[in-house]
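Student: Residue-level listing of the chains:
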Amino acid sequence: MSEKKSKSKNTSSKSARAKSVNPEQILSFYREMLLIRRFEEKSGQLYGQGLIAGFCHLYIGQEAVVVGMQSAIGEGDQVITGYRDHGHMLALGMEARGVMAELTGREGGYSKGKGGSMHMFSTEKNFYGGHGIVGAQVALGTGLAFANAYRKNDRVCLAYFGDGASNQGQVYESFNMAKLWNLPVVYVIENNQYAMGTSIARSSSETQLHRRGASFGIPGFEVDGMDVLAVHAAGIKAVKHARAGKGPIILEMKTYRYRGHSMSDPAKYRSREEVDAVRKQSDPIQMLKAKIMDEKIAGEAELKAIDKEIRAQVSDAADFAVDSPEPDPSELLSDVLV
Amino acid sequence: MARMTMIKAINSALDVLMEKDETVCSFGEDAGYFGGVFGCTEGLQEKYGLNRVFDAPINESAIIAMAIGMASNGLRPVAEIQFADYIFPGFDQIISELSRIRYRTAGAFTMPVTIRTPCGGGIYGGQTHSMSPEAFFTHIPGIRVVMPSNPHDAKGMLIASVECDDPVIFFEPKRLYNGPFDGDPHKPALAWSSHEKGEVPKGHYTVDINKAEIVRGGSELTILAYGTMVHVAKESARLAGVDAEVIDLRTLIPYDMQTIAKSVNKTGRCVVLHEAPRTSGFGAELIAQIQEDCFYALEAPIIRVTGWDTPYPHAHEWAYFPGQERVMRAIKQVLEN
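Protein sequence lines, in the order shown, are assigned to chains V and A. FYI, the numbering for the first sequence is 1475 to 1812, going by the numbering used here. FYI, the numbering for the second sequence is 19 to 355, going by the numbering used here.
Calculated directly from the structure, the hints in this document are not laboratory data. A few of these clues could be false.
What the hints assert, rightly or not - Mimicking BS3-like on lysine-lysine, the simulated pairs with C-alpha atoms at most 25 angstroms apart in a straight line are:
1. V:K1626 x V:K1742
2. V:K1754 x V:K1742
3. A:K220 x V:K1626
4. A:K280 x A:K220
5. A:K38 x V:K1626
6. A:K280 x A:K65
For clarity, every value in this text was computed on a predicted model and none was experimentally measured.
Full structure from sequences and hints, please.
Tutor: Next up, the structure:
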């Protein structure tokens, strides 16, 4: 990611990436992406059955982004994101049971049912939410990074946001402060090309979002967000950059969500052909599966066993989420002021 | 003990806090090198360094958001919003994030953020430098809202606010920065050196941010006020020659209903003052609660004396400001009813 490169195409180098990834890691990427996919499919089912109410934004299609980025950070590094947050939590190793039970609004959920789909946290896994206001988390993540610099704790914050959030004013307030103080933050833009129902072309004057930091002196790179290995490689470099005290860096993940914005969105703003083409040509899980088979990292039987195991894990999470009791009515009034 | 201005008292509070706890840091527009537009953070950057006392860009939204992120990650930030009128770009962060993170994490996170901001009129600031926007913030579950009326309380309440694990909006009535103001703009300005509440202890102490203070005992009526209006209330009661009990609320959320109800149950009459506009002002909340709790003790309708339902004007500032004449008229009315 030389200065020269950032001025040219800013695409993560494919040749440089594969070296650092061993077969076990590749299998673990596969497993994590599949967990998110199956978890989200199950969430969609529970929603359809009326067991999850309200807003539920599925991560299906974007799995490579969080799995690749997660593999690039170290213990104690922080993660913060917007409302499409289930995948981030699963990639961080938060319990599927606790996440699913939050979706169903039960006591066993990460926020005892008080947060819901968009608002979960884990002090143990350094996950700082889950934020339902578009773009608000970008400035919060910058504050987390400020505290890292202040405490000199060598930690980096990943602040995720979407193409929609990238037009919010406070994103640019954050960019300015982050570069002004060289804060250890990686801005991960998950560009799935639709801000709810509005395509990026209809909402953004500069659609190459990795360029958005240019006027602040923040380097930015475009990454194939459907390729977990490309994400991993770009993530390693970006995190290294931030941890070295060089300040913020932007990674624009070109990705795609297969489902609607939320469960109630029929996605009429794009064609079925468009969605099908992405699914066929660049599904992150299928692409990695093909690589695993081609390179004989694992066979069909082994992958089937993984799938079975994950289905069992997700099914267990769903059972837990449905069986967990509703929170005590006293929870309504607690945790407002200390 | 030393007599000092409210500016010095606030500065002293920050000094005590930063000396004691290295997770406390202070930042805002012009709040570092320049020492704050009113001088509240003067000398702190020299003493504690650029990392702990620093200038922020003019971005109220990100200033507040940064403080939230910092507090999530082990710090105890004090963010200054240069004028309360400027706070609105950050209002979303206060409502949607700051006030709710504790609730939405089921208590796993606390949010020890203090937002200091000068409020109120009386300095010819016009409509964007004179507002008293406290009522907006009292409608947000999950934050505390306080407003001291003197240097002694300002220091003790600021220390208590920063040491509290809840978010606190700390309003500083800027007309009181340099001296008590009793509502008469034509008298020579008084200095805090001539006022007993200008007496500020050295070192660490706190003033309870859950308690109102009875600043003048009385039996004929109760006057509720906070910030600048405390001084207007006391002087108006004196001029009217009535035996009024004046309560300085100090904390708006959570307000000390016990002290208020005890007084109103005793006097049976009540006048509520604030500088902010009348409709949906904090007085409306106080009066609603008083009628619920003290209905059978009331001898007369409760009266509000407030700013008008207009923007804060530049000209006619003293016609807008709920000064002594209007307060005395209300006192008379509530006693005659």
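Student: Measure nothing beyond the straight line between the CA atoms of V:K1626 and V:K1742; if it is 25 angstroms or shorter, mark the hint as holding.
Tutor: violated, 49 angstroms
Student: Can the restraint linking A:K280 and A:K65 be considered satisfied, given a maximum Cα separation of 25 angstroms?
Tutor: Between A:K280 and A:K65 the Cα gap is close to 46 angstroms, so the pair fails against 25 angstroms, i.e. violated.
Student: Please verify whether A:K220 and V:K1626 have alpha carbons no more than 25 angstroms apart.
Tutor: Between A:K220 and V:K1626 the Cα gap is close to 32 angstroms, so the pair fails against 25 angstroms, i.e. violated.
Student: Would the pair A:K38 and V:K1626 pass a check requiring their Cα atoms to be no farther apart than 25 angstroms?
Tutor: At roughly 19 angstroms apart (the allowed maximum being 25 angstroms), V:K1626 and A:K38 satisfy the hint.
Student: Verify the proposed pairing of V:K1754 with V:K1742, using a straight-line Cα cut of 25 angstroms.
Tutor: Holds - the C-alpha atoms of V:K1742 and V:K1754 are around 20 angstroms apart, at most 25 angstroms.
Student: Can you confirm whether the C-alpha distance between A:K280 and A:K220 stays at or below 25 angstroms?
Tutor: violated, 33 angstroms
When each numbered hint is compared with the structure, violations occur for hints 1, 3, 4 and 6.
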